[in-house]
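Going line by line, the protein sequences match chains E and C. Residues in the first sequence are numbered from 34 upward in steps of one, following the working numbering. Residues in the second sequence are numbered from 34 upward in steps of one, following the working numbering.
In case anyone wonders, no lab produced these hints; they're calculated from the structure. None of these values were measured; they are calculated from a predicted model. It is possible that part of the hints are untrue.
To give a feel for the contact side, a few chain C residues facing chain E, derived at Cβ under 7 Å [what the hints assert, rightly or not]:
#1 54
#2 69
#3 82
#4 255
#5 259
#6 260
#7 271
#8 278
#9 279
#10 383
For each residue, glycine too, the CB sits at the ideal point set by N, CA and C.
2 protein chains.
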Amino acid sequence: MFDNVKEILEEYKKLWAYGYAEALMAWDTETYMPEADASTRGEVFSVFNELEKQVYLKISEKLDKIDEEKLSDEEKGMVRVLRRSIKYYTKVPIEVIKEFTKTTNESVVIWRNAKAKSDFNLFSPYLEKIVDLSRKIADYLGYEKQPYDALLDLYEEGFTTEDGDRIFNTLLPKVSDILKKVQEAQYFPSSHELESVQYETERMKKVNEFMIKLLNMPTDKFRLDVSAHPFTIRISGSDVRITTRYEGKDFKETMFSVIHESGHAIYELLIDPRFEGTPIATGASTGIHESQSRFWENIIGRSIQFIKLVYPTLKENLPFLSKYSEEDIYKYFNTVKPSLIRVDADEVTYNFHIAIRYEIEKRLINEKMKVKEVPSLWNDMMEKYLGITPKNDAEGVLQDIHWSQGSIGYFPTYTLGNIVAGMLYLKIPNLYDLVSQGKFDEIKEILKELICKYGATYPPKTLLRRAFGKEYDPEGLLSYLRDKYISLKGIG
Amino acid sequence: MFDNVKEILEEYKKLWAYGYAEALMAWDTETYMPEADASTRGEVFSVFNELEKQVYLKISEKLDKIDEEKLSDEEKGMVRVLRRSIKYYTKVPIEVIKEFTKTTNESVVIWRNAKAKSDFNLFSPYLEKIVDLSRKIADYLGYEKQPYDALLDLYEEGFTTEDGDRIFNTLLPKVSDILKKVQEAQYFPSSHELESVQYETERMKKVNEFMIKLLNMPTDKFRLDVSAHPFTIRISGSDVRITTRYEGKDFKETMFSVIHESGHAIYELLIDPRFEGTPIATGASTGIHESQSRFWENIIGRSIQFIKLVYPTLKENLPFLSKYSEEDIYKYFNTVKPSLIRVDADEVTYNFHIAIRYEIEKRLINEKMKVKEVPSLWNDMMEKYLGITPKNDAEGVLQDIHWSQGSIGYFPTYTLGNIVAGMLYLKIPNLYDLVSQGKFDEIKEILKELICKYGATYPPKTLLRRAFGKEYDPEGLLSYLRDKYISLKGIG
Chain E
34 MFDNVKEILE
44 EYKKLWAYGY
54 AEALMAWDTE
64 TYMPEADAST
74 RGEVFSVFNE
84 LEKQVYLKIS
94 EKLDKIDEEK
104 LSDEEKGMVR
114 VLRRSIKYYT
124 KVPIEVIKEF
134 TKTTNESVVI
144 WRNAKAKSDF
154 NLFSPYLEKI
164 VDLSRKIADY
174 LGYEKQPYDA
184 LLDLYEEGFT
194 TEDGDRIFNT
204 LLPKVSDILK
214 KVQEAQYFPS
224 SHELESVQYE
234 TERMKKVNEF
244 MIKLLNMPTD
254 KFRLDVSAHP
264 FTIRISGSDV
274 RITTRYEGKD
284 FKETMFSVIH
294 ESGHAIYELL
304 IDPRFEGTPI
314 ATGASTGIHE
324 SQSRFWENII
334 GRSIQFIKLV
344 YPTLKENLPF
354 LSKYSEEDIY
364 KYFNTVKPSL
374 IRVDADEVTY
384 NFHIAIRYEI
394 EKRLINEKMK
404 VKEVPSLWND
414 MMEKYLGITP
424 KNDAEGVLQD
434 IHWSQGSIGY
444 FPTYTLGNIV
454 AGMLYLKIPN
464 LYDLVSQGKF
474 DEIKEILKEL
484 ICKYGATYPP
494 KTLLRRAFGK
504 EYDPEGLLSY
514 LRDKYISLKG
524 IG
Chain C
34 MFDNVKEILE
44 EYKKLWAYGY
54 AEALMAWDTE
64 TYMPEADAST
74 RGEVFSVFNE
84 LEKQVYLKIS
94 EKLDKIDEEK
104 LSDEEKGMVR
114 VLRRSIKYYT
124 KVPIEVIKEF
134 TKTTNESVVI
144 WRNAKAKSDF
154 NLFSPYLEKI
164 VDLSRKIADY
174 LGYEKQPYDA
184 LLDLYEEGFT
194 TEDGDRIFNT
204 LLPKVSDILK
214 KVQEAQYFPS
224 SHELESVQYE
234 TERMKKVNEF
244 MIKLLNMPTD
254 KFRLDVSAHP
264 FTIRISGSDV
274 RITTRYEGKD
284 FKETMFSVIH
294 ESGHAIYELL
304 IDPRFEGTPI
314 ATGASTGIHE
324 SQSRFWENII
334 GRSIQFIKLV
344 YPTLKENLPF
354 LSKYSEEDIY
364 KYFNTVKPSL
374 IRVDADEVTY
384 NFHIAIRYEI
394 EKRLINEKMK
404 VKEVPSLWND
414 MMEKYLGITP
424 KNDAEGVLQD
434 IHWSQGSIGY
444 FPTYTLGNIV
454 AGMLYLKIPN
464 LYDLVSQGKF
474 DEIKEILKEL
484 ICKYGATYPP
494 KTLLRRAFGK
504 EYDPEGLLSY
514 LRDKYISLKG
524 IG
């Protein structure tokens with residue numbers, strides 16, 4: 034290792050320790066913190082943020098002296114990740130960052146109110162500000178072709194409008210076709226009576242404990258707790274935690290949140306432990322991270338083969354399942370229905386929801402579309418893709434928190450997650466043999482070698498080329514959807 | 034506030050944020066941390082320690098420029114506490130600190146083994162090293178009269194050998210007399226059959242939840258969890274946590290650990306919230322802290338008046354209590370028996386255990402007594418004070434972990450806790466009326482005004498003079514023991 038990289042990593046140890054403590058604090062905030070401490074903890078976080086910024090600026094000076102030619106792939110990765118972290122601090126003027134933070138802090142509150150009243154006009158002045166500031170930030174960050182590219186890059190390194198257009202243009206017409214066939218065939222119902230059946234939380238906890246055991250999650254490095262919204266957090270490579278929630282009915286919700294978050298956790302746990310304490314001990318991107326969670330949740334968890342493994346445990350703890358067969362549960366887990374709300378969407382219709390948001394963000398940022406045009410564009414696209422129209426803004430353009438938080442460019446990563454999960458589906462032809470036999474450690478080993486072990490050594494596109502010989506390719510996802518929803522593979 | 038104090042407090046914010054994060058990490062380590070993360074977390078702690086040292090040294094320079102004359106009591110307190118924190122770093126050479134850390138890290142392991150084999154000779158070379166290094170450290174820290182004073186001061190600011198001698202010389206003969214009378218009267222048994230009765234953990238948790246409710250612990254700022262050893266930790270003034278353990282029998286153990294730790298927590302929660310983020314948002318000393326926990330545990334919790342409040346809940350959750358009266362439980366809570374093990378000792382005999390350790394520490398440090406003489410001195414004093422002799426080193430000189438950790442000077446603070454609790458007993462003549470009526474908020478108000486609200490504004494002796502007009506005075510403790518154990522006040 035070259036001396037200047039060594040020096041940088043020495044300095045980085047501080048950021049690592051801060052990050053470790055912040056992760057634990059963030060976890061605790063959502064799980065066990067006594068509520069009265071929230072504002073004090075907020076102050077602690079801002080002290081840490083300030084300290085971090087100082088360390089980043091110090092590292093920034095050292096980075097300028099690095100001769101990248103001589104570095105190993107991993108060292109290059111470390112330098113790349115650090116440069117990305119520093120970019121925001123060094124390129125965007127502090128007044129702009131402050132204004133953006135102030136605006137988004139306010140607008141989250143306004144959005145909540147606007148959503149409650151189902152009135153986009155209350156939110157639109159804030160969205161205008163956020164869009165203006167985001168365009169400014171894009172200009173400061175810099176881009177090759179389109180300003181939206183600079184924002185996309187914040188979540189998915191190197192991902193551009195060009196990529197997005199290519200993906201959605203390929204994906205959407207083919208998925209429309211799949212959706213039509215699924216609806217005609219009527220094998221998959223549009224809803225299921227189990228959605229309204231109540232469960233006992235204590236029994237459902239046992240089901241979730243079984244899931245974790247089945248997936249062979251390493252309990253000496255992993256834990257499951259309860260929080261209002263499920264999440265995964267890496268404290269270190271030997272301490273990765275997930276949460277779920279128990280809403281009392283529709284048991285698949287908590288079960289799939291556990292499998293989804295376990296997928297994120299598996300990624301973090303499989304990153305090469307040699308990287309601990311360096312900037313590459315993290316996922317390659319938001320989209321790649323989401324590919325792991327969705328691969329485990331959807332492609333594995335919602336398969337008939339997986340259901341066969343968990344069926345006895347489900348029946349043991351959820352007595353109301355006595356009259357349902359494995360295939361009944363398969364249908365309950367895989368309903369297909371064009372619906373208005375993204376978070377309730379199924380595998381077939383989900384990407385339409387993302388396409389709508391992508392198109393709107395793109396037009397707002399690249400084409401300076403007016404914010405006031407957003408609701409009608411939203412509704413038109415809902416009608417075009419899914420044949421339904423929101424009755425009001427709350428179930429339409431106001432449904433997601435993301436824009437109010439200033440997250441423009443984030444939504445596409447959900448679809449990228451689905452796409453990369455689909456690429457994995459094609460890459461592992463014996464996947465469902467392994468699932469049938471409960472050989473989840475073998476599946477993990479494959480994921481580790483293809484994706485996980487590298488952490489953030491490579492940017493996502495490079496990682497994908499190394500693993501699959503190509504970048505984000507929707508063909509895998511389309512094959513998966515066709516096999517499952519049209520050919521009914523694995524059934525009967 | 035003067036500018037230089039302001040500057041120091043600005044710098045101190047970092048230490049505050051570090052301390053907050055470290056407290057949460059320490060809590061998590063004992064409660065929820067996945068075990069494989071222990072060594073990584075150790076590394077995080079050492080990064081924080083190094084960062085803290087740097088901030089302290091920076092503050093140290095600023096402290097030199099302070100003109101104390103012009104400061105308020107609180108500002109003086111802040112400066113005093115900071116000077117004490119810095120003293121160790123600045124006066125003791127780094128090589129000595131490192132050697133001490135290395136020695137104690139090793140000697141804890143050796144002690145464990147020596148205790149298991151009940152062989153003091155295995156441990157004595159390490160104790161010799163620890164004593165030698167402690168003497169050195171005492172010399173570096175400086176003292177007026179005796180080197181032991183420098184070590185006592187680490188835990189109880191300003192407390193000296195002279196104070197210790199005075200206290201134990203007053204206390205011991207009178208307690209001997211009390212013990213003799215208690216044994217003659219035979220009201221308090223030496224053991225109780227309830228000690229071996231098993232309870233259901235889930236039911237006992239309900240009892241402990243009731244205790245917390247009865248003591249009106251503020252659940253928005255406080256929580257109770259489970260750990261191997263009970264402890265209290267302040268994360269901030271709005272986040273104070275305690276733990277207990279459930280051993281499955283002898284229910285008073287977990288119940289009194291909850292009350293004891295709640296006493297510590299009440300202290301932290303009653304410190305003036307204006308002090309949050311400054312060095313005085315902490316207890317005045319180890320002894321003063323222990324006075325609060327022991328006041329709640331022993332003087333309140335083990336009283337007949339308190340038992341009357343909790344009796345219905347105890348019976349409801351512990352069905353085996355059906356045949357026991359309130360007075361039976363009083364006797365179970367207050368057995369008196371000269372015994373070999375400090376942690377099992379009762380209120381009457383407890384201070385003899387401390388006197389023995391105090392005398393040994395004093396002779397080792399001040400009089401250069403040889404370590405090899407320790408076991409026989411220990412056994413002679415056990416015989417003299419309690420009329421019993423350990424059969425082996427494990428139940429004698431090797432029983433406590435403290436010396437192996439390098440904590441010489443700590444033990445006396447346990448007796449100081451008892452003494453100050455006794456001073457509070459005398460100070461609140463209507464205490465048991467308040468207890469009978471469950472007016473714990475009124476008791477807290479009194480403690481707050483006398484002790485708690487000041488945090489570490491004043492050193493312990495000053496705090497005591499302000500509250501009681503005198504320093505550590507054993508008369509209160511003696512009155513309490515006589516009233517309870519000889520006059521049987523409150524009974525029959």
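Broken hints, numbered, in rising order? Failing hints, ascending: 3, 5, 6, 8, 9, 10.
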